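Participant: Sequence:
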Amino acid sequence: MSSNKHACSLPSSQQRFLMELARQSIRHGLEYGKPLAVNIAALPEDLAAPRASFVTLEKNGRLRGCIGSLQASRALALDIAENAYAAAFRDPRFQPVSAEEVDALEIHLSLLTAPEPMAFASEADLLAQITPEVDGLVLEDGVHRGTFLPSVWESLPDRTDFLRHLKQKAELPADYWSSSLRVSRYRTEVVSEESAAEANPAD
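Counted from 1, the sequence shown has number 178 at position 178 by my numbering; the numbering is strictly sequential.
Think of the hints as simulated: they come from the structure by calculation, not from any bench.
Any given hint might turn out to be false.
[Stated by the list, open to error] Computed Cβ-Cβ distance ranges for the label pairs, DEER-style:
no., residue 1, residue 2, range
1, 42, 168, 13 to 23 Å
2, 113, 37, 24 to 34 Å
3, 161, 62, 15 to 25 Å
4, 132, 41, 37 to 47 Å
5, 41, 62, 33 to 43 Å
6, 116, 9, 15 to 25 Å
7, 161, 30, 22 to 32 Å
8, 144, 90, 17 to 27 Å
Being a predicted model, the structure only gives us computed values, none of them experimental.
Glycine included, C-beta positions come from ideal geometry on N, C-alpha and C.
Given only the sequences and the hints, what does the whole structure look like? Please build it.
Facilitator: This is how it looks when you write it as structure tokens:
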């Protein structure tokens, strides 16, 4: 999404650093079979602080890999490096990225806020609380769990469709409902190669 609803608050120099870090980690994975190591002690505070992220890879406008974290358990820069590697080589939906593909990959970084549990009495109540184009959702029930980033609203703009597909991603029926169902929402700040390139070099 290019909407300023998801504009990144990090300085542009840090956005460019994270974008380059993601691509370097993929290249490092091709050569060494593991993510690029990150020297956390040398990072500015915003990049060394724990924060969750998702890394999405596209090729020719089509999804090529997407892996991320929902909980802030490690430094943001480390999370980006690890998730970029995982998106390229560990997404079970795709074959590992090849050396010939790296330059053609378009990388999108989503920096997450902490998920907030939602309180609702019914599916209609839940749907009324969801903000399209802004909210990412985590849906859980027992061993079933799934998440959609806010960017998924681009292909599923209707609240009901969004929720039904999220249930299916969690391997639940589209019409499933239970009092044990838990839903949390989060928001994202997005770093794309376009936004990083357009950022003011003086920042």
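Participant: Next, verify each hint and record whether it holds.
Facilitator: Structure-based check of all given hints:
1. 42 to 168: 13 to 23 Å: violated (43 Å)
2. 113 to 37: 24 to 34 Å: Given range 24 to 34 Å: holds, Cβ gap about 27 Å.
3. 161 to 62: 15 to 25 Å: At roughly 21 Å between Cβ atoms, residue 62 and residue 161 fall inside 15 to 25 Å, so the hint holds.
4. 132 to 41: 37 to 47 Å: holds (41 Å)
5. 41 to 62: 33 to 43 Å: Distance hint for residue 41, residue 62 holds at roughly 38 Å.
6. 116 to 9: 15 to 25 Å: holds (18 Å)
7. 161 to 30: 22 to 32 Å: violated (37 Å)
8. 144 to 90: 17 to 27 Å: The hinted range 17 to 27 Å holds for residue 144 and residue 90, with Cβ atoms some 21 Å apart.
Hint compliance for this structure: hints 1 and 7 are broken, all remaining hints hold.
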